[in-house]
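**Q** Using the sequences plus the hints, can you model the full thing?
Order-wise, the sequence lines are chains A and B. 156 is the number that my numbering gives to position 138 of the first sequence; each next residue is one higher, with no gaps. 74 is the number that my numbering gives to position 32 of the second sequence; each next residue is one higher, with no gaps.
The set of hints was computed from the structure by calculation and includes no laboratory data.
Chain B side only, calculated, beta carbon under 10 Å to chain A, not exhaustive:
#1 Val72
#2 Phe100
#3 Phe102
With the C-beta cut set under 7 Å, the calculated list includes, among others, these residues of chain A facing chain B:
#4 Trp57
#5 Gly59
#6 Pro64
#7 Asn136
#8 Gly137
#9 Gly138
#10 Leu139
#11 Val141
A quick note: this is a predicted structure, and the numbers were derived from the prediction, not measured. Idealized CB from N, CA, C, for every residue including glycine.
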Amino acid sequence: MREFCVAIGGSTLANQAVTLAFLNPASAPNPNIEFLRFWIGQSANPTSAQQRMQVVTQVSSYPTLAGFTPAKLKRSDPNASVLTSNTSGPMGSAGINATAENGGTKSIIVEDTFNVVNGGLWVPGPDERIIVPANVSATGAGLGLHLPVAPATLTNWAWGTNFREV
Amino acid sequence: MREFATSGPAFDWMLKAKEQLYETEAYVSVPPALIITDARGDVWTLGFQYGPAPRGEFAFQVLRNGHLVGEFASRIEYRRGQIKIFTERGYKCWNGRSFT
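**A** In structure tokens:
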């Protein structure tokens, strides 16, 4: 098994709906992406408040992101992830902390809320894990972790996802 | 004229500023919460590796301030100011040094 992590901390969000992480599988026959867990938290605001979060797919007009190279969870794995750092979310890429959403339609898979002082952790059971298939067209579906509403405090956010290439 | 006690400070603002601590509300559970901050300021969460679990559930490493405590649990709960974990052997409570 080849598992990877996209995670960041101490980040400042744009004051708008924000795609926190966006991972877009490469074209077939590259591997599918199976998501093992998602988490979001922050360390700036001690005031209890609920915050919406979504897991979405998107096939076009991807967000403008900060490029991010997935880290290997199995440190002895000789191979890097097929997803490479990119700021525009194309096939085979990973990015974080969107500065512009660019208007692409988001299809919601999971919608939930969490309290900002406690953070949110979603660890789906094996039957509930989302698998995004390797893309077969030029406008493939990528998966994003998304805040549909800007939080009250924008600083010191941390979030991430672990995924497996299958 | 008001007299101030000389045996000790009377007001918080006279004291050296302390670290800001947030204590998680009672009955918060990880998951779905990401962390629990207890009264000592210790942060509890679940790690990535799974291990022996209660029947029908999945258990992950229990982390205290990012360090392993040697337990696998399917959830961490904060009840009556006490950290509890649900393990394959049932509930265990943190006594300040280990889970019993």
